[in-house]
Structure formats: structure tokens, C-alpha cells
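Peer 1: In case you want the letters, here they are:
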Amino acid sequence: MKRFWALILCLITLSGCRANTVEEHASTPLRVWVGDNADVAWMEQVVRDFSAANPDRNYDIQIGVQNEGDVAKVILADVESAADVFTFADDQMNSLLIGGALMPIVEGAEAVRNANTPESVEAATGPDGQLYAYPATADNGYFMFYNSAYITPGDASTLESLLDRAAENGRKVAFPMSNAWYLYSFFRGAGLEMRLSADGVTNLCTWNAADTPITGVQVLSSLLEIAAHPGFVEADSDAFVAGLKDGSIVAGVSGTWNASVAAQVWGDSYAAAKLPTYRVDGQNVQMASFSGFKLVGVNAYSDHAGDAMDLAAFMTAYEAQVDRFTMRRQGPSNVAALAAPEVQSEPAIAAIVAQAPYADVQRVGSKYWDAAAALGKIIVNGNPGGTDLQTLLDNCVAGITAPADQ
Amino acid sequence: MRLPRTKGRVRWGGWLLLIAEIAGFLLCWPYLRKLPTLGTVQAQRIWDPVARKNVWNDYDNSFLILLFGVVGLLLLGMALFQLWRLLRPGRIHPSVRGLERWLGPDFHRTLLFLPVLGVVVVMIIPLITMILIAFTNYDRNHLVPTNLFTWVGLDNFRLLTDLTASSAFAHAFPRVLGWTLVWAVTATLSCYIGGILMAMLINHRRTVCKPFWRTCFMIAMAVPQFVSLLLVRNLFADVGIINTLCKQWGVTDWLYSIGAIPTANVIPFLTHPTWARPMILLINFWVGVPYQMLIATGILLNIPHELTEAARIDGANSWQVFRSITMPYLLHITGPSLVSGMVTNINNFNVIWLLSRDVYVTTDQLMAQAGATEVDLLVTWLYRLTQDQSNYKMASVIGILVFAVCSLLTLVAFGRLTGRGREEAFH
Numbered sequence: 009m010k011r012f013w014a015l016i017l018c019l020i021t022l023s024g025c026r027a028n029t030v031e032e033h034a035s036t037p038l039r040v041w042v043g044d045n046a047d048v049a050w051m052e053q054v055v056r057d058f059s060a061a062n063p064d065r066n067y068d069i070q071i072g073v074q075n076e077g078d079v080a081k082v083i084l085a086d087v088e089s090a091a092d093v094f095t096f097a098d099d100q101m102n103s104l105l106i107g108g109a110l111m112p113i114v115e116g117a118e119a120v121r122n123a124n125t126p127e128s129v130e131a132a133t134g135p136d137g138q139l140y141a142y143p144a145t146a147d148n149g150y151f152m153f154y155n156s157a158y159i160t161p162g163d164a165s166t167l168e169s170l171l172d173r174a175a176e177n178g179r180k181v182a183f184p185m186s187n188a189w190y191l192y193s194f195f196r197g198a199g200l201e202m203r204l205s206a207d208g209v210t211n212l213c214t215w216n217a218a219d220t221p222i223t224g225v226q227v228l229s230s231l232l233e234i235a236a237h238p239g240f241v242e243a244d245s246d247a248f249v250a251g252l253k254d255g256s257i258v259a260g261v262s263g264t265w266n267a268s269v270a271a272q273v274w275g276d277s278y279a280a281a282k283l284p285t286y287r288v289d290g291q292n293v294q295m296a297s298f299s300g301f302k303l304v305g306v307n308a309y310s311d312h313a314g315d316a317m318d319l320a321a322f323m324t325a326y327e328a329q330v331d332r333f334t335m336r337r338q339g340p341s342n343v344a345a346l347a348a349p350e351v352q353s354e355p356a357i358a359a360i361v362a363q364a365p366y367a368d369v370q371r372v373g374s375k376y377w378d379a380a381a382a383l384g385k386i387i388v389n390g391n392p393g394g395t396d397l398q399t400l401l402d403n404c405v406a407g408i409t410a411p412a413d414q
Numbered sequence: 121m122r123l124p125r126t127k128g129r130v131r132w133g134g135w136l137l138l139i140a141e142i143a144g145f146l147l148c149w150p151y152l153r154k155l156p157t158l159g160t161v162q163a164q165r166i167w168d169p170v171a172r173k174n175v176w177n178d179y180d181n182s183f184l185i186l187l188f189g190v191v192g193l194l195l196l197g198m199a200l201f202q203l204w205r206l207l208r209p210g211r212i213h214p215s216v217r218g219l220e221r222w223l224g225p226d227f228h229r230t231l232l233f234l235p236v237l238g239v240v241v242v243m244i245i246p247l248i249t250m251i252l253i254a255f256t257n258y259d260r261n262h263l264v265p266t267n268l269f270t271w272v273g274l275d276n277f278r279l280l281t282d283l284t285a286s287s288a289f290a291h292a293f294p295r296v297l298g299w300t301l302v303w304a305v306t307a308t309l310s311c312y313i314g315g316i317l318m319a320m321l322i323n324h325r326r327t328v329c330k331p332f333w334r335t336c337f338m339i340a341m342a343v344p345q346f347v348s349l350l351l352v353r354n355l356f357a358d359v360g361i362i363n364t365l366c367k368q369w370g371v372t373d374w375l376y377s378i379g380a381i382p383t384a385n386v387i388p389f390l391t392h393p394t395w396a397r398p399m400i401l402l403i404n405f406w407v408g409v410p411y412q413m414l415i416a417t418g419i420l421l422n423i424p425h426e427l428t429e430a431a432r433i434d435g436a437n438s439w440q441v442f443r444s445i446t447m448p449y450l451l452h453i454t455g456p457s458l459v460s461g462m463v464t465n466i467n468n469f470n471v472i473w474l475l476s477r478d479v480y481v482t483t484d485q486l487m488a489q490a491g492a493t494e495v496d497l498l499v500t501w502l503y504r505l506t507q508d509q510s511n512y513k514m515a516s517v518i519g520i521l522v523f524a525v526c527s528l529l530t531l532v533a534f535g536r537l538t539g540r541g542r543e544e545a546f547h
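Heads up: the sequence lines are chains P and A, in that order. Quick note: the first sequence, position 196, residue 204 per this note's numbering, numbers continuous. Quick note: the second sequence, position 359, residue 479 per this note's numbering, numbers continuous.
Calculated from the structure, these hints are not laboratory results. All figures in this text were calculated on a predicted structure; none of them were measured in a lab. Warning: the hint list may mix true and false statements.
[Claimed, not checked] Computed beta-carbon distance windows for the label pairs: (1) A:Phe233 - P:Asp207: 50 to 56 Å; (2) P:Ala217 - A:Asp178: 46 to 52 Å; (3) P:Asp311 - A:Trp271: 50 to 56 Å; (4) A:Val241 - P:Ala218: 55 to 61 Å; (5) A:Phe201 - P:Gly134: 31 to 37 Å; (6) P:Gly134 - A:Trp176: 50 to 56 Å; (7) P:Gly134 - A:Val240: 40 to 46 Å.
Virtual Cβ for every residue (Gly too), placed ideally from N, Cα, C.
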């Protein structure tokens with residue numbers, strides 16, 4: 009369609025166009041998408057620094073805003089006219105790779121690998137081992153918040169004591185159970201697997217297997233107990249914030265995006281920690297998590313892929329990440345920037361670092377999300393149909409591992 | 121060069137049009153040629169380290185092939201038709217020749233040229249293209265331009281109708297369709313009846329301050345629908361004010377004690393299937409009644425007084441007047457709008473989407489696999505499939521079925537409501 013209109017427009021303005029297009033363009037136009045309106049000020053500063061660092065080149069850089077959480081569908085809807093450089097959350101990586109939107113980092117990949125944490129580099133690496141994006145932040149995962157006026161650090165180490173303590177005080181512990189991204193933490197913590205298979209499209213999942221040391225059925229029955237506990241409340245991000253403000257929630261699992269609200273509401277009693285352990289099959293297992301990174305990608309269809317790579321590298325270099333932390337409180341993936349004392353003293357970032365050994369890089373095919381969310385909702389509702397737990401898991405796994413073309 | 125003549129009269133315009141159509145067809149030929157396969161050359165990129173640019177091969181874009189293939193076929197058809205018209209011994213205005221005719225007796229055609237072209241370009245061509253996508257495998261794994269998609273025949277329809285296979289779509293489709301129909305009927309009738317009753321109440325002779333009441337409802341109507349809906353959604357959210365109040369007043373605990381809600385924390389107004397569906401109908405009722413009330417008011421004021429007075433003199437009570445005069449009169453006038461209201465409700469995206477987006481999580485595992493929820497209409501399911509999952513092929517299949525349902529319903533209902541005989545009833 010675009011070409012059709014372009015053809016008509018060209019025909020109309022034929023005489024005018026001919027004179028202009030042959031002119032040598034003096035400046036290099038680049039379009040860059042950042043994730044949030046609040047990132048624009050930071051990006052403007054990066055652009056100023058980038059232009060100052062390249063005085064011999066004349067860049068014309070335009071900044072746009074596209075939510076990092078669903079930028080892939082915007083890009084893939086028309087990849088040829090998407091931005092040259094864009095920020096995206098690492099859960100978008102797989103879609104972008106399948107859609108062929110990401111330019112492999114063919115220049116300076118080794119330097120990027122050396123400068124950033126191994127996990128963030130892993131998140132930016134494709135199944136073929138090539139680097140496809142530049143790590144920008146390493147704080148996009150989840151961890152535990154708690155109000156130390158009610159919860160001691162000892163209580164915060166197991167989910168059971170957290171729930172008991174909250175219930176004793178008539179308060180709640182919040183967990184977004186019907187969100188597939190969070191539900192993963194219980195199953196993975198018990199040693200069960202769910203990840204992208206070698207074809208890069210479908211998922212592998214052992215949640216319904218009968219031969220694992222801890223079975224999915226055991227995890228599921230623990231989860232049903234947890235969800236029925238008087239100290240438990242299912243809460244998405246909005247509900248978590250609302251519960252923080254009205255005081256009903258004294259602990260919960262969320263991410264850095266809610267850290268400033270928690271710090272503000274709880275004041276000095278605001279604390280953050282790694283996820284607790286929970287009890288399944290008579291043993292305490294550490295809850296796992298998805299680590300989360302923001303990555304900067306270069307559009308493979310960009311007319312200025314080389315310049316776009318320069319800009320993306322600059323956006324994710326040490327100085328830019330330090331600025332990003334200073335201006336936006338976003339935790340760096342750059343090893344040197346992460347080591348700075350003021351970064352380490354941020355409770356949310358310290359909690360993410362503590363959770364890191366139990367965090368997996370997100371490598372998940374698209375069929376996981378709805379199937380796992382449905383299971384989470386069934387748990388929250390207390391399995392109202394009384395369905396056999398193994399059947400629930402079998403159905404869920406059938407959904408998770410379904411061929412992606414259905 | 122002399123242009124060809126037929127029966128001695130110059131047919132400049134016809135031949136020029138034919139030439140333009142053939143030229144357009146030739147422009148589309150490179151795409152049309154590949155239409156049977158929808159392209160075979162996969163995109164490939166080679167990095168040029170000196171120029172620091174990507175060099176691309178001359179790759180095929182399946183979507184453009186489909187689009188311009190359709191355009192080319194249309195032009196070919198039009199050209200053949202034009203050729204047939206030109207060669208057939210025809211009737212031409214005897215006194216006017218050639219192009220002049222387009223400013224004279226055929227001026228209506230000249231005027232219609234642009235609108236018709238517009239309809240063809242912005243409606244017919246995209247429509248045919250979208251319908252054809254239902255017969256391809258255009259989904260997230262076959263996104264252009266990096267990947268190619270191709271024809272798969274009726275496979276997508278089989279996925280939807282084959283109940284023997286363990287297809288999630290075959291499970292979800294009848295459920296979504298069923299709820300869509302229940303929703304359309306209930307939502308339309310509830311607003312319709314509610315609107316009429318409200319209008320009669322306000323028009324009742326013992327009601328005081330009629331304009332005031334009417335204005336109240338006008339104001340509710342003047343607020344854009346999506347604003348009201350988002351507001352109501354926040355009111356009834358799990359952390360909304362209604363939930364907070366219910367909790368404080370003990371309603372939540374009472375409902376939990378009788379087993380009406382799964383947890384003692386919140387009343388899942390918009391997040392549990394047994395609650396969400398009635399709530400959505402109720403909210404739609406609240407949003408839709410003022411509009412129907414205004415329409416009914418206008419019609420009620422138009423009912424000839426002689427009819428009702430004559431009925432009263434004959435000894436009819438108010439119920440009999442309502443049943444035998446008011447209601448048939450109303451039905452006669454609003455019948456067609458009732459049908460179009462039904463079709464609008466089948467495609468009522470706003471209410472369902474704004475109330476369930478990001479809030480409602482299904483507990484039906486097979487529906488989840490198909491990307492649908494219990495509160496989805498066909499149209500919101502279609503939107504979810506395209507926007508969230510880039511599943512264009514299934515969205516196209518569902519689009520075709522929505523069209524089938526709507527057209528069937530319209531044909532049947534219009535035939536009944538505006539059939540012969542009824543037309544005469546009030547004249």
C-alpha cells in the first residue's frame with residue numbers, strides 16, 4: 009500500500025522530486041525510540057554528547073517514544089519504516105529475531121560483551137551465538153519488597169513466615185499469581201523447566217512430568233495452599249501500588265518500576281530483598297525468577313545501519329548508563345557502572361543482585377503467556393472446578409508447548 | 121494515427137480507458153506473476169563493512185505480491201470487460217461524439233468517477249486482500265518482509281471447525297460466538313426496553329420537572345462513551361472504590377461466606393467469568409439507556425392522540441393501551457434501528473475491550489491457548505489475534521465469519537420487521 013501511495017505522490021510531484029533526490033544529503037537522519045516519556049530528557053542528553061563526540065559527522069537524530077514492553081509488534085507491523093535504533097525489553101527479543109528486525113552487532117561486539125554483565129550479554133545473544141542487541145539496563149526483573157515495620161529480615165526469607173506475619177497483623181503479602189511472568193518463579197524454583205526449544209519458536213516444559221524430584225502436582229498443591237492463605241492477596245502492579253498506599257499490603261513481589269512508590273510510602277521501613285523460599289514436598293526451595301534487561305537494538309532494514317550501531321553503542325556505554333541511573337534510577341548492565349557505590353546502595357538494585365543467582369534469562373516462546381496465566385488464575389480462584397491437578401498441568405503444558413502457528 | 125472506429129463513431133474515451141487499464145495491469149504484472157506462490161525469494165542481507173550498510177538481495181514481499189496481484193487481476197477483469205463493450209455493436213448517443221459525451225449526457229459518470237475510484241482503492245481492494253489472507257499462513261512466524269507466507273487452502277477454516285482435532289480454536293470459536301450472540305441480543309433488548317420504560321416514566325403525566333430528568337440523562341449521553349467506561353472500570357476494579365466499600369461494609373465477607381466469590385479479598389466484578397459477564401451487560405445497560413430513552417421519547421410524543429383516546433373511551437386500561445398501541449407503534453418505527461443496533465452490538469468493541477483489557481484473565485485453558493477469553497466478542501478476539509499475536513490468518517477467518525453472522529442476522533430480521541403488510545399498519 010505504501011509503495012502505491014508513494015508511486016502516486018511521486019507522479020504528482022515528479023518534476024520537483026527529480027531535482028532534489030540527486031542532491032547529496034549532508035546530514036545522516038536517524039530515528040531512535042525510547043521506552044518512556046521520562047526517558048526523553050536522558051536521550052536528548054545522549055544525542056548532544058553523541059554529536060559532540062562525532063564533530064566530523066552531521067547527524068539529524070529524531071527521538072520517539074514506544075513502550076519497551078510491546079515495541080516488537082509495532083516494529084514488526086512495518087519493519088521497513090520502523091526506527092533505526094530502539095529500546096526494548098528482553099522478552100521482545102524472540103519475536104524480533106523471528107521477524108528478522110534485529111541487526112547482528114557486526115562491529116565491536118567483543119567490547120560490548122566485555123563491558124556488560126554476563127547475564128545481560130546472554131539476554132542480548134541470539135540462538136546462533138551472535139550478539140543482536142546492546143544491553144542497556146539490568147534491573148527489569150522482580151524481587152521482594154517489604155515493610156520492615158511489620159516484617160523482619162528473618163521473616164522475609166520464607167514465604168510461609170511472611171504470610172503468617174502479614175495475617176497476624178491483618179495485612180497481606182501480594183503476588184501477581186495470574187501473571188505468567190511471575191508464576192514461573194515457583195515452578196522453576198522447584199527445579200521444573202520451561203524454556204524455548206531449539207527451533208526458536210516452541211517451548212519445552214516439564215511442569216506436568218511425573219519423574220522430576222519435585223513434581224508439578226506438588227508445586228500446584230503448595231500454590232493452592234498459598235493462594236488460600238489469609239495473608240495472601242493476588243495483586244498486579246496497580247493493585248500492589250493501591251495496597252501499598254492504603255496500608256493493606258506489607259510485602260509483595262514487583263520490580264524497580266514500583267520502587268520509588270514503595271520507598272515514598274514506607275519511608276525508612278522500606279526494604280527490598282531477594283525472593284523468599286517456599287515450602288513444597290516438605291522442603292524449602294528458593295523461588296527463582298526471570299531476570300529482565302532493557303536492550304537497545306538496531307533495525308536490520310535501516311538505511312544507515314553503521315551509524316545506527318554507533319548511536320546504539322553510545323547509548324549503552326558507561327557514561328550513558330551512569331547518566332541513566334542518575335536521571336532515571338535505572339540499574340546499569342555495564343559492569344563498571346554497576347560497581348559504583350551509589351548504585352550498590354540502592355535497595356532495589358541490591359535486591360536484584362541478590363536474586364541474580366536464582367534468575368534465568370528469559371527465553372520463552374509466545375505460547376507460554378496465556379496458557380500459564382490461565383493456570384495462575386485457576387490457582388487464585390482455588391481450582392473451583394475441582395479438576396485433577398495433573399489434568400490442569402497437562403492442559404497447561406499442552407498450551408505452553410503448542411505449535412506456534414495455531 | 122487514426123483511432124479505431126466502431127460503426128463510424130469515435131470512441132476515444134473507451135479506448136483510452138482500456139489502454140490505461142492494460143498499462144496498470146502491466147505495472148502489476150511482476151507481482152501478479154508470483155501470485156500462485158506468493159513469492160519464493162527470501163530476504164537476505166550482506167554487511168558491507170566499507171560502506172557500513174546492509175546490502176539486500178531483490179527479495180519477494182508476499183504481502184505486496186498479494187495486494188498488487190489483486191489490483192492486477194481487477195485491472196485485467198476491467199480491461200476484458202471494456203474490450204467486450206468496445207467490440208460489441210452498441211448504442212451510443214447519436215449526436216455527441218467522443219470525449220465531449222463525458223461533459224454532456226454522461227456527466228453523472230464523470231462525477232461518479234472519483235467516488236467510485238475511492239471505494240475501489242480504500243474498500244474493495246483491501247477487503248479482497250484481507251479475505252484472501254484467510255487462505256494463507258500469514259502469522260507471527262511468517263511476517264513480511266523477512267519471511268514469506270504462502271497459500272494453505274482451507275487449513276485455517278479446518279482449525280476452527282474440526283471438533284475432532286484437539287484444536288484450541290475449535291474449542292474457543294463456538295463459545296465466543298455463543299457469548300457474542302447472547303451479548304448482542306441481551307444488550308440490545310435490555311437497552312431498548314429500559315429506554316422505552318424510562319421514556320414513558322418521564323413522559324408520564326404525573327411526572328414533574330420532565331425537562332430536568334431528560335437533561336440529566338442527556339448529560340450522561342454527552343460524556344464520551346469511553347470516558348464513562350474507563351471510569352466505571354476503575355470503580356469496579358479489584359482495587360476500586362466499590363470493592364473498598366464492600367469490604368468495609370462486610371459485603372465481601374458475606375459473599376465469601378455463601379461461596380459466591382473465590383477469595384475473601386475482593387469481589388471480582390470484572391475478573392471472574394460468572395461476575396464479569398453480567399457486570400458488562402449491566403454497565404452497557406447504564407451506558408446505553410439514555411440514548412434509547414431519547415429516541416423513544418421522540419416517538420412517544422408522535423403517537424397520534426386520537427388512537428390512545430379512542431382506546432380509553434372504549435374502556436382500555438393503560439396496560440392494554442401500551443400493549444396494543446404504544447408498543448406496536450414503537451416497534452414499527454424502531455424495528456430497523458433495533459436490527460442495526462443488534463449488528464452494532466455484535467461488533468461492540470468499545471464496551472468489551474475497555475472493560476476487560478489487561479484485567480480479565482481466563483481460567484479456560486483451551487480458550488487461553490487460542491488467545492480468547494470468556495468475555496471476548498468475535499471482534500475483540502480478532503483484535504487480540506492481530507494486535508497481540510500477529511495471527512493475521514486466523515483473524516481474517518474470524519472476520520469472514522463475523523461478516524457471515526451479521527449479514528445473515530440482518531437479512532432475516534429486516535425481512536421480518538419490515539415485511540409487506542406491516543408497512544401499511546399505521547398509514
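Peer 1: Please go over all the hints and tell whether each is borne out by the structure.
Peer 2: So, going through the hints one by one against the coordinates:
Separation of A:Phe233 from P:Asp207 is about 53 Å and conforms to the stated range, judged on CB atoms against 50 to 56 Å. The supplied range of 46 to 52 Å is met by P:Ala217 and A:Asp178, whose beta-carbon atoms lie about 48 Å from each other. The given range of 50 to 56 Å is broken by P:Asp311 and A:Trp271, whose C-beta atoms sit roughly 32 Å from each other. For A:Val241 and P:Ala218, the hinted distance range of 55 to 61 Å is satisfied, since their beta carbons lie about 60 Å from each other.
Between A:Phe201 and P:Gly134 the beta carbon distance is about 52 Å. The supplied range of 31 to 37 Å is therefore violated. Here the CB-CB span from P:Gly134 to A:Trp176 is close to 19 Å, at odds with the stated 50 to 56 Å. Taking the beta carbon of each, P:Gly134 and A:Val240 are about 44 Å apart, inside 40 to 46 Å as hinted.
Consistency note: the structure conflicts with the earlier hints numbered 3, 5 and 6.
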